[in-house]
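All chains should be modelled from the sequences, with the hints used to inform the complete structure.
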Amino acid sequence: MVVDTYAKMFAALMPKNIEEFAKKEKGTIQEGIKVYFLAWLVGLILGAAGLLLALTTAGPDMQALSQMVGVDTVGILGVGLLVVTSIVGLVWGVFSQYVTLYVGGWCASSFFGGKGRFEQLFYIVMLFTGAVMIITAVFGILDVLLPPLAVITGIISLLLGLWTLYLLYLTIKSVYKVELGGGVVSTLAVLVMGIVLAIIVGMVLLAVLGVGVLGGAAATGALGGNLGNMGP
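So for the sequence shown, my numbering puts the first residue at 1302; every next one is plus one.
These are calculated hints, taken from the structure and not from any lab test. Please note: incorrect hints may appear among the correct ones.
To be verified - Capping the alpha-carbon separation at 25 Å, the derived lysine-lysine pairs in DSS-like fashion look like this:
#1 K1317 x K1335
#2 K1309 x K1325
#3 K1478 x K1309
#4 K1317 x K1327
#5 K1324 x K1335
#6 K1325 x K1416
#7 K1335 x K1325
#8 K1327 x K1416
#9 K1317 x K1416
#10 K1478 x K1416
#11 K1478 x K1327
#12 K1327 x K1309
#13 K1309 x K1335
#14 K1478 x K1317
What follows is the structure, given as structure tokens:
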């Protein structure tokens, strides 16, 4: 059930439960994607709520804009943009997690004799990743309601990120049954692959956007030239 899935997400934040999941939970790619989607859904709802709250407590500039075009219009446009970017984030999140974790699992099995299943690794990592996503979304709401808490939530988020790295190491170590060194190196492989993947995607986007800008500039120049030729 959905409630059980959410419960497992937060249970996966505890190291002893990671080891238990590695022993008992088979896990599949489909189940991992389902977990990520459920966490994303909560994040989307909380994000939309935070956006609407931000509009009600906005500064003079935003209030003036809201009065000009209407609060409802600004809210709808904001939520619409949030949904679009969130969907892109959902697809990217699943894709990047799959690729980076696959590299980590491959490293554990190929170089350190690991005997685990990638599907189980993916599923368990999605569990605690989902919990972190939800906690981060809750922090976003708190930052809107109580801005002074932003420093505290920022520190907690940093510590939570470090804790997530430890859980990743523990999951690889437990699923593939490798020693400390194998777990550490495989975890580093996941991080390095994440950086490489981000660089590749960034370069592709830069190239695409660069071509678009150049094309737009060329079209504008051509249009300006044609208008100039039409003058007296």
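Each hint tested on the structure:
1. For the hint pairing K1317 with K1335, the CA-to-CA distance comes to about 23 Å; that is within 25 Å, so the pair holds.
2. The straight-line distance between the Cα atoms of K1309 and K1325 is roughly 13 Å, inside the 25 Å bound, and the hint therefore holds.
3. At roughly 22 Å between alpha-carbon atoms, K1478 and K1309 fall within 25 Å of each other, so this suggested pair holds.
4. The suggested pairing of K1317 with K1327 holds, with an alpha-carbon distance near 17 Å, which does not exceed 25 Å.
5. For the proposed pair K1324 and K1335, the alpha carbon gap of about 21 Å is at most 25 Å, so the pair holds.
6. Taking the CA atoms of K1325 and K1416, the gap is near 15 Å; set against the 25 Å cutoff, the hint holds.
7. Pair hint K1335 plus K1325 holds up; C-alpha atoms about 19 Å apart against a cutoff of 25 Å.
8. Between K1327 and K1416 the alpha-carbon distance is near 14 Å, which keeps this suggested pair within the 25 Å criterion.
9. Note on K1317 and K1416: the hinted pairing holds, with a Cα-Cα distance of about 20 Å set against a maximum of 25 Å.
10. Using a Cα cut-off of 25 Å, the hinted pair K1478 and K1416 holds, with the two alpha carbons roughly 7 Å apart.
11. In summary, the hint linking K1478 to K1327 is supported, as the alpha carbons are separated by about 15 Å, within the 25 Å threshold.
12. Only pairs whose Cα atoms come within 25 Å are accepted, and K1327 paired with K1309 is accepted, the gap being roughly 14 Å.
13. Pair hint K1309 plus K1335 holds up; C-alpha atoms about 13 Å apart against a cutoff of 25 Å.
14. For a cut-off of 25 Å, the pair hint linking K1478 to K1317 stands: about 15 Å separates their Cα positions.
Violation of the numbered hints given earlier is absent; every hint is satisfied by the structure.
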